[in-house]
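Peer 1: The chain contents come next:
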Amino acid sequence: MPKYLTIKEPYPPGDFAIWIIVYVELLTFGLLFAGYAFSRRINLQMFNDSQLLLNQSIGFINTLILISSSFFIVKAVQKIKNETNENSYKSSIIASKWLLSAMLLGIIFLMLKLTEFSHLFEQGITLSTNTFFMFYLLLTMFHFMHVSLGVIILFNLHHKTKAQGYSQNDCRGLETGAIYWHLVDLLWIVLFPLVYIIR
Amino acid sequence: MKYSSQMVAKPYFIFALILLAGEIVFGLAMGVQYLYGDFLFPAIPFNVLRMVHTNLLIVLLLFGFMGATYFLIPEESERELWSPMLAKLTFWVFAAAGVATILGYLFVPYATLSASLANSFWPTMGREFLEQPTITKVGIVLVVLSYIFNTTMTVIKGRKTTISVILLTGLFGLAFFFLFAFYVPQNLAMDKFFWWFVVHLWVEGTWELILGALLAFVLIKTTGVDREHIDKWLYLIIAMTLISGLAGTGHHFFYIGTPGYWLWIGSIASAAEPIPFFLMILFAFNMAKNRRIVHDNKIALTWAKGTAVVGFLGAGVWGFFHTLAPVNYYTHGTQLTAAHGHLSFFGAYVMICFTLISYAMPILRGRPHGNGPKSQKVELTSFWMMVIGMIGLTLALTVAGIMQIEMQRLPDAANAMGFMETQAAISTVYMVRLAFGVMVFLGLLTYFYSFFVKEEKAVA
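Protein chains in written order, with the working numbering: chain X, 168 to 366; chain V, 5 to 464.
Calculated directly from the structure, the hints in this document are not laboratory data. From the three backbone atoms N, C-alpha and C, an ideal C-beta is built for every residue, glycine too. Hints should not be assumed to be uniformly reliable.
Stated by the list, open to error - Computed, partial: chain V to chain X, Cβ under 7 Å:
{"hint": "1", "residue": "L240"}
{"hint": "2", "residue": "Y265"}
{"hint": "3", "residue": "A276"}
{"hint": "4", "residue": "I279"}
Take these sequences, add in the hints, and give me the full structure.
Peer 2: If you want it as structure tokens, here you go:
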């Protein structure tokens, strides 16, 4: 094959099914975000007062954590996609370490979120406290469940990558998991300013 | 037929069809009562007809699922059924209990039935769809447990496939959620709350897993598409079903005394409920398009595609019409709910039973390639009669619902018409509904006739 010709990359990357999941998740969270914005307009003062009870520092740290973990996953996928026959073992080991780091960050995110939840519950805040906390708890708990699933997925990806289960030409599973994690990250990037910051 | 034990499915299928005929007859009688209130009165009042109509539906679907499972599981597991004898015994016990219960409903006043069967000892009677006496409910549990045990043992000892695993998950879910039929809290809001654990989590949760597995089985058999390809679709559909269906229970918790957050959870989660049904359409038509074989039993594939489309319309589209809390505030319990209920039960569950019966019955009757062309033509006619009849009936009920909302729900208390007054005002629409109901029944009779069509013998 002439040098200027390359094999067309399959598009979109990852399994097609994950894109259906991505769109459904974006739609569902989008409805919740829209519901939040609509309800906030009706009772601005109550939303602003309630927002003060949130810990913005933890929210910010969690944002950095998720963005960093997404970066680590990109590094893992890149490592596998750029591997050659000679360095495939080394590439898999390095990629698996990136994935392990991303997973550990995911676990730290969950732990920080749990401390936030327990702090709010100690103050007697529940879904029924007011509309702000209903949305806050619904959105963040729903997101928490997604991160938990993501950590399990990352664990499996790490395990398979370490065992050289992915190669330059066969890494759809890895890309699929990576897309899911980016989705989880993207949702948080919208959720954090919307719920924690915007006043 | 690959395994002789698949034969146990036959009586289940036949009995399910007989019960369906009964269900439609009682439905038609109710349709007449909507027009002539004293029809069959006092012999069979409306509430008894309704109870028989809905209970027959549930029992016929259980018979259909059982027959489908007993046909499917040996093929999926590549071995004979663990105990064909247990399956036969279960059939007779369930059929006898079912018939006795229906006769009880028809010939004994419900209060007397309740008192004579010691309902006060463990009160579970009187709730919509779950009117069965406690003793019948215990019988259902035993029957379902023996059915699940038989199926599980077969799967454990044989090949495990995605279809059999998802089917079993659905069956375990079905058994688990039925346990809430035995829990009847004193508080009316709590009573309704847990009642939906059976009703919603059956039809919009666990039964959808059963539906997905059965549909996938028939599609594999009639299209020859790779199992790997079908499995992926199935997992996607099941994931969507569980995510939207479980949280979607919230759409039943609007304005019944439950906390206000259910308005949001129910609205948003159930707005996503049409998605798995839409995926089912893509699934069925994609498989049909990419088929690797042309099966002689064409009508089975027609039923499979029909299940996906009508299921989506009934459960997805008609469900969505009134699933958002602000809309449901006005539509709750009107004929719009009845429209959704009819088309979703028919499209998703009755039609999947037809799909399995149309695929399996010819094989059980010694025709591995399906019925002959003449018989399939008659069956196709019955397919369209029933589908058009049900869609017509649904549209009529939708119009009735909209009129009811307009007259009874939207105006303020001073100007709103009363329930009976509204019913009288929409009686013309009920006549149309009844006519389409008759069409469905004639379609079913045509379906029965397709079993007896004699094919012309080829001249040598």
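Peer 1: The structure should be examined with respect to each hint, and the outcome stated for every one.
Peer 2: To see whether the hints hold, each was checked on the structure:
no., hint, verdict
1, L240, "holds (5 Å)"
2, Y265, "holds (5 Å)"
3, A276, "holds (6 Å)"
4, I279, "holds (6 Å)"
Every hint, counting from the list given before, is met by this structure.
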